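Trainee: Just need the whole structure built from these sequences, with the hints factored in.
Chain by chain, the residues run as shown.
2 protein chains.
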Amino acid sequence: MDTLNIAILGCGTVGGGVAQIITEINHDLSIRARTNIVLKKIVELSPSKASERFNLPLGLFCGGGKDLTGTEANEYIREIISSGEIDLVVETIGGKSDFVFNICLDILNSGKHLVTANKALLAERGKRIFGAAEAKNVKIGFEAAVCGAIPIIKTIQESFTGDKVLSVSGIMNGTSNYILTQMQDEKLEFSEALKLAQENGYAEADPLLDINGGDAGHKLILLIKLAFGIDVSKEDLSIIGIENITREDIDFASEIDAKIKLICYAKKVNGDIYATVRPMLVKNSNFLSDVSGATNAVRINNQYSGVHFLVGKGAGSTETAMSIVSDIVFIARYGDKIQNIPVNEESNLAESHKFVFPYLISFQTGNIPGTTGFITTAIGNQEINIETVSHNRHKGEKAMFSVATMPCTLGQIENAIQKIRSEKPGMLLSEPKIMPILY
Amino acid sequence: MDTLNIAILGCGTVGGGVAQIITEINHDLSIRARTNIVLKKIVELSPSKASERFNLPLGLFCGGGKDLTGTEANEYIREIISSGEIDLVVETIGGKSDFVFNICLDILNSGKHLVTANKALLAERGKRIFGAAEAKNVKIGFEAAVCGAIPIIKTIQESFTGDKVLSVSGIMNGTSNYILTQMQDEKLEFSEALKLAQENGYAEADPLLDINGGDAGHKLILLIKLAFGIDVSKEDLSIIGIENITREDIDFASEIDAKIKLICYAKKVNGDIYATVRPMLVKNSNFLSDVSGATNAVRINNQYSGVHFLVGKGAGSTETAMSIVSDIVFIARYGDKIQNIPVNEESNLAESHKFVFPYLISFQTGNIPGTTGFITTAIGNQEINIETVSHNRHKGEKAMFSVATMPCTLGQIENAIQKIRSEKPGMLLSEPKIMPILY
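Read top to bottom, the protein sequences are chains A and B. The C-terminal residue of the first sequence carries number 449 in the numbering used here, and the numbering is unbroken. The C-terminal residue of the second sequence carries number 449 in the numbering used here, and the numbering is unbroken.
Just to be clear, a hint being listed does not mean it is correct.
Identical copies look the same in the list; a pair holds intra-copy or inter-copy alike.
[What the hints assert, rightly or not] In silico BS3-like cross-links for lysine-lysine, where the CA-CA straight-line distance does not exceed 30 Å:
| no. | residue 1 | residue 2 |
| --- | --- | --- |
| 1 | 197 | 293 |
| 2 | 174 | 59 |
| 3 | 50 | 347 |
| 4 | 405 | 434 |
| 5 | 205 | 405 |
| 6 | 137 | 347 |
| 7 | 174 | 50 |
| 8 | 174 | 347 |
| 9 | 347 | 146 |
| 10 | 197 | 405 |
| 11 | 106 | 347 |
| 12 | 174 | 137 |
Hints in this document: simulated from the structure, not taken from any laboratory. These figures come from a predicted structure and were not determined experimentally.
Mentor: If you want it as structure tokens, here you go:
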């Protein structure tokens, strides 16, 4: 039987989970891979902590188990990259720094396969990484980079090859979903729910990338690449986070049988790709509304096979590590026959003001007769059909105005708001919130 | 670029869908497969009908488009099997007859790959089929055989290789799920809902295999083979269909916030496999309770990555065909590196009376004081903890007695019922229904 020698860079939550699984079920993995899967070396700054947490022999760690300085760790990484003995490197350091970027490039350039959960790096600097792999005919496993344990990468790459993806959407950030679920179920304000998420280990000390939609955006960029074959940069995507969602928004969603979820959404229409990450009102009749807490869910709509849902753990130690280990087995099995990413296709990313959805628009107005007529006329003048209007939740001189529209573009809505602003300065007493509605 | 020449046997709902997809997106498929995918021949008794329905040129059909007798069709099938030109055969005739069994064996023995949706054949006569493929090192694609469009086969075979499956369960028969959904939503009796399913094309003229759990059993046998590596025969499985579910059962389920679903369930406990197909009470808090109509859903619980759900179309023309076409691309990509089924593992199928679940037991009794005390004592004497008891829904002299238990074995419940029967003949006025409860 052949042998596949593996090194792991970074033995934290995910890397440690990989080492744990490879150690615990090594015999099964080797049988499945028809290749001896051998974990040779781990580079980690604090081996004793990792060894204890993941029950790993200290001898596996470069340096024999003693704590490493950054310089020492870097030297061991360089040794692994230049070693002829290692076939595959698991990069679980994370981040998109030049340091990690160069390590990944050098791994590939040295003719070694790379398996990683690093969504930021692949989404923002993936072109050169995938290019290097192509040039050296080595493989990149990145199942763990999108939605942790959910096997969405291989599902698109290997199971939907007999179809055409029409749209990809879903709940792809567990932290923001946990926060929104807490706001909904426990009647918390955003800041209270965020604090709870941090206390319970669902949010990083710096949760910015989770709550501003950046992390979800990285995943969507990778899914767009796989499903539609085009490269999208983060700057081109229309990304809105959950920072400005209030309890009042959540309560109002409940009133119309909906929940607010941070949704990733990409759809191909006549060759154009519409893509966005933003809070949406998900009707309770939609499957995604049931996805609560740290769970992730991906919805794929295909031309021939219709709608699919994949639901599972979007993060976690062995949960994410499982995807990395499965990638290792896949590379052991199929090696150079694997195509890392699909061939580029001709498509354009459409501008966000062209997105067609039914929308909910809400803002504060004065509690003044004539308001409803003026606003609904301005909306109607933009050829937008209105489904429901409410002008209520009065607070003193103010009231909340909410309009649910039939499908229209964001551009039409922005025009209507512009008209109201120019013809009735002072009618809008708050910045309008515009959220797509998913039925 | 290499070429993969394909023949399709049977151009009905599924086979026609395969021909349609291969024809419509041939260029994409060939790029993805890095192989020219060429549909060479179709054998079909009524080509003109199939040609019209799936928009296929008559020239693709053996015989040039004229209707074939059975003998003529068989001769063309033999020609294909002995042809050196065909690389892969799609068998979409269906059924487990000797006729189809021998065709599949001969395809494999002639060194050709086989792709099929034939769950009955693979579940009941699969051992020799897979053995023949092994002997000739050719591949069998059977993604379409389990839950139509849901990519559950490849998910277990290729995406969960870094994990250990603990349990597989789900709703795997769309017809019975449609019938149960109609009984629930439209307040229909079983026979009315079945008639509606047939009128709307959700049930075959002979729906026996759908409603008696046989079709779901075939799928479970294949999933047990993939997830746990053991061969199970249909006779060994404990299979109960939905024929005896009444509106009263459905109504009672609603009262306790549950829905009745035909559930496939297989779980590994201490090396033993527990497996069954039967109606279960699925609590509304469980994701599976939302899966209605013809949709299928599979739940996988893994040791390292926890719970996954895959939801999608369990049947249909291009829906099922998509899985076949994806198998063709997979075989074109990876050819002889593919492992058809996992290596056999040591496991025993446990007997059904050892199944541990919380159960609901319900039967009619006389409306007689002392009944509740006697029955609950008999149940308690079997070391079963009771969660709730109700003795209501009185009809004249009769009343419905229902007990929800804490987790216990079916054997314990059967002992309790046996005791009640022997000590109080006449107390049970109907055959007890015993349904597991899924929380």
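Trainee: Compare the structure with each hint and give your call.
Mentor: Status of the hints after comparison with the structure:
1. 197 - 293: Close inside one copy (19 Å) and across copies (25 Å); limit 30 Å.
2. 174 - 59: between (47 Å within a copy, 26 Å between copies)
3. 50 - 347: Both. Shortest intra-copy (25 Å) and inter-copy (25 Å) distances satisfy the 30 Å Cα cut-off.
4. 405 - 434: within (21 Å within a copy, 68 Å between copies)
5. 205 - 405: within (28 Å within a copy, 56 Å between copies)
6. 137 - 347: both (20 Å within a copy, 29 Å between copies)
7. 174 - 50: Close across copies (23 Å), not inside one copy (41 Å); limit 30 Å.
8. 174 - 347: both (22 Å within a copy, 26 Å between copies)
9. 347 - 146: both (13 Å within a copy, 21 Å between copies)
10. 197 - 405: For residue 197 and residue 405, only the intra-copy Cα distance (19 Å) is at most 30 Å; the inter-copy one is 45 Å.
11. 106 - 347: Within. Shortest intra-copy distance 28 Å satisfies the 30 Å Cα cut-off; inter-copy 35 Å does not.
12. 174 - 137: within (23 Å within a copy, 34 Å between copies)
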